[in-house]
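*Asks:* Chain by chain, the residues run as shown.
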Amino acid sequence: MKLSEFFSMGGYAFYVWGSYLVAFIAIGGEVVLLWRRRHAQKQAGFVFPESNTDEKTS
Amino acid sequence: MAKRKINWYKYASPVNFYPIAGRMIPWFAIPAAILFVIGLYVGFIKAPPDFQQGEVYRIIFIHVPAAWMGMFLYIIMAIYAGIGWAFNARLSSMMASSISITGAMFTFLSLVTGSLWGKPTWGTWWVWDARMTSTLILMFLYIGFISLQAAIDDPRRADRAGAVLALVGVINIPIIYFSVQWWNTLHQGATIRILNKPTMAPPMLAAMLIMLAACWLYSIAIVLYRLRCIIVERERSALQVAAAAA
Amino acid sequence: MFRWMVQRDLTLAWRRRADVMSTLFFFVIVVSLFPLSIGPETQLLRSIAPGVVWVAALLASMLSLGRLFANDYQDGTLEQMLLTPQPLYLIVLAKVLASWLVSGVPLALMSPILGLQFGLPGNSLSVLVLSLILGTPVLALIGSIGAALTLGLRGAGVLIALLVLPLYIPVLIFGAGAVDASINGVSAQANLSLLGAVLAIAFVFSPWATSAALRISLE
Numbered sequence: 001m002k003l004s005e006f007f008s009m010g011g012y013a014f015y016v017w018g019s020y021l022v023a024f025i026a027i028g029g030e031v032v033l034l035w036r037r038r039h040a041q042k043q044a045g046f047v048f049p050e051s052n053t054d055e056k057t058s
Numbered sequence: 001m002a003k004r005k006i007n008w009y010k011y012a013s014p015v016n017f018y019p020i021a022g023r024m025i026p027w028f029a030i031p032a033a034i035l036f037v038i039g040l041y042v043g044f045i046k047a048p049p050d051f052q053q054g055e056v057y058r059i060i061f062i063h064v065p066a067a068w069m070g071m072f073l074y075i076i077m078a079i080y081a082g083i084g085w086a087f088n089a090r091l092s093s094m095m096a097s098s099i100s101i102t103g104a105m106f107t108f109l110s111l112v113t114g115s116l117w118g119k120p121t122w123g124t125w126w127v128w129d130a131r132m133t134s135t136l137i138l139m140f141l142y143i144g145f146i147s148l149q150a151a152i153d154d155p156r157r158a159d160r161a162g163a164v165l166a167l168v169g170v171i172n173i174p175i176i177y178f179s180v181q182w183w184n185t186l187h188q189g190a191t192i193r194i195l196n197k198p199t200m201a202p203p204m205l206a207a208m209l210i211m212l213a214a215c216w217l218y219s220i221a222i223v224l225y226r227l228r229c230i231i232v233e234r235e236r237s238a239l240q241v242a243a244a245a246a
Numbered sequence: 001m002f003r004w005m006v007q008r009d010l011t012l013a014w015r016r017r018a019d020v021m022s023t024l025f026f027f028v029i030v031v032s033l034f035p036l037s038i039g040p041e042t043q044l045l046r047s048i049a050p051g052v053v054w055v056a057a058l059l060a061s062m063l064s065l066g067r068l069f070a071n072d073y074q075d076g077t078l079e080q081m082l083l084t085p086q087p088l089y090l091i092v093l094a095k096v097l098a099s100w101l102v103s104g105v106p107l108a109l110m111s112p113i114l115g116l117q118f119g120l121p122g123n124s125l126s127v128l129v130l131s132l133i134l135g136t137p138v139l140a141l142i143g144s145i146g147a148a149l150t151l152g153l154r155g156a157g158v159l160i161a162l163l164v165l166p167l168y169i170p171v172l173i174f175g176a177g178a179v180d181a182s183i184n185g186v187s188a189q190a191n192l193s194l195l196g197a198v199l200a201i202a203f204v205f206s207p208w209a210t211s212a213a214l215r216i217s218l219e
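Chains as they are written, first to last, in the working numbering: chain A, 1 to 58; chain B, 1 to 246; chain C, 1 to 219.
It is possible that part of the hints are untrue.
Straight-line alpha carbon distances no greater than 25 Å define the calculated DMTMM-like cross-link-like pairs of lysine to aspartate or glutamate that follow [to be verified]:
| id | chain 1 | residue 1 | chain 2 | residue 2 |
| --- | --- | --- | --- | --- |
| 1 | A | Lys42 | B | Asp153 |
| 2 | A | Lys42 | B | Glu233 |
| 3 | B | Lys46 | A | Glu5 |
| 4 | A | Lys2 | B | Asp50 |
| 5 | B | Lys119 | A | Glu50 |
To give an idea of the interface, some chain B residues facing chain A are shown, with a C-beta separation under 8 Å as derived from the structure [stated by the list, open to error]:
| id | residue |
| --- | --- |
| 6 | Val56 |
| 7 | Ile62 |
| 8 | Pro120 |
| 9 | Trp122 |
Just so you know, the hints here were simulated from the structure itself, not pulled from any lab data.
Beta carbons are placed, not taken as given, at the ideal position from N, Cα and C, and that holds for glycine.
Take the sequences, apply the hints, and build the full model.
*Replies:* Spelled out as structure tokens, the structure:
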């Protein structure tokens with residue numbers, strides 16, 4: 001397929017690329033929002049469970 | 001030879017599961033990203049244009065997996081919620097709450113991509129066919145679950161109330177689906193709109209399955225990541241005490 | 001105990017007649033809004049009548065849900081009910097029955113008059129009443145689950161709607177479908193039977209879910 005055909009998607013570029021753009025925003029948005037939530041937790045001084053320290057307690 | 005007994009119940013504790021979830025995430029996130037790329041490659045480069053729909057059918061590579069994820073995740077959410085309620089397992093309920101957001105996202109995505117697929121193929125932005133209408137109702141069910149949990153301050157009451165709602169929802173889904181099918185066939189009338197599924201050449205099917213697998217892996221990774229955030233928030237006081245005592 | 005509960009709730013409802021009447025007036029007013037918004041053309045009104053009356057009945061039923069447990073919850077009686085040796089299932093069923101007698105039945109009985117306003121023919125009117133008689137108990141039963149889940153929450157009124165309206169959809173489809181069928185000269189039998197089946201399922205399962213929800217909301 002030629003590159004110009006690829007981008008125009010038979011004239012349906014808006015619908016096809018629009019769909020994938022929305023998907024990218026939805027999935028990417030989910031990841032970004034979660035990352036920010038995590039970051040806010042760190043900023044706010046939440047305590048995080050430590051990995052592999054439960055061997056200390058008997 | 002001494003038998004090593006693994007105390008599995010230990011990992012039902014949110015704080016103990018937290019590091020395990022953290023180690024699991026990369027094993028799902030990285031393959032998910034890879035499969036997304038492969039799936040899109042196969043779908044756009046390897047798969048030929050459709051006989052009827054031309055290029056526009058390629059939306060199905062995201063629309064169909066999103067729709068399926070929306071449905072599967074609701075059922076899994078209900079199962080986790082039910083287990084959390086029946087066994088008083090906080091971690092299970094936290095999983096349900098984590099899944100709800102991702103499930104709602106996929107359902108929403110399915111509605112939007114369905115609409116974007118509908119406009120060029122059926123001529124309108126929305127068609128009240130059985131599938132789209134059922135997906136819309138599923139969206140309402142997710143919104144109900146999320147709103148209910150958001151409205152309740154006490155986390156355990158929120159967990160249990162969510163469980164009742166999710167289980168009632170799951171039982172209702174077949175009834176709702178049947179009634180929407182019924183409604184759709186009754187009102188066919190002059191305009192008969194059928195979702196045109198393209199006849200699937202092997203690369204098309206392959207692309208769709210690869211994308212579905214990618215969505216599954218992504219869902220597991222993101223749900224575990226959100227679960228970790230939820231654990232940190234809900235176990236806050238217990239963690240602070242433990243840190244102070246250490 | 002069951003009969004006593006029903007009588008008690010009916011007496012209490014009688015003392016608050018105004019609340020009950022207001023649900024009925026809401027029903028009438030909402031139905032009347034549609035001709036005002038769409039125009040008085042008879043053919044059009046006749047075709048939308050089943051949907052309009054049914055949606056209005058749905059909304060009016062939902063309004064009455066807020067009252068189902070709230071009053072008993074506020075004065076502590078509900079907690080006492082949870083503590084009695086009587087099965088909560090029966091108490092819930094009694095309260096739902098009383099609530100239906102007081103809100104659902106009047107709606108169903110009022111509907112022919114509204115149907116006439118929309119130009120529905122005679123036999124469709126009887127199908128309308130029958131569909132509402134079968135459907136409003138389901139609305140009350142399913143609605144009670146939502147009422148129990150949202151007990152004491154701020155914004156409970158709107159939240160009940162969010163939770164319960166999706167679950168109402170099958171009832172709406174079969175109920176309005178029955179009337180629609182009779183307008184088009186087709187038998188309403190199938191829709192009414194399906195409605196009856198949904199009623200049977202709701203009757204068996206929903207008091208159990210409502211009891212569970214009450215226990216969750218009250219502990």
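*Asks:* Please go over all the hints and tell whether each is borne out by the structure.
*Replies:* Do the hints match the structure? See the list:
1. Lys42(A) <-> Asp153(B): The hint holds at about 23 Å.
2. Lys42(A) <-> Glu233(B): 11 Å, holds
3. Lys46(B) <-> Glu5(A): Distance ~14 Å between Lys46(B) and Glu5(A) Cα, so the pair holds.
4. Lys2(A) <-> Asp50(B): Holds - the C-alpha atoms of Asp50(B) and Lys2(A) are around 17 Å apart, at most 25 Å.
5. Lys119(B) <-> Glu50(A): The hint is violated at about 51 Å.
6. Val56: Hint on Val56(B): holds, closest Cβ of chain A at ~4 Å, below 8 Å.
7. Ile62: At 5 Å from the nearest chain A Cβ, Ile62(B) passes the 8 Å test, so the hint holds.
8. Pro120: Holds. Min distance 5 Å.
9. Trp122: 12 Å, violated
Going down the numbered hints, you'll see the structure goes against 5, 9, while the others check out.
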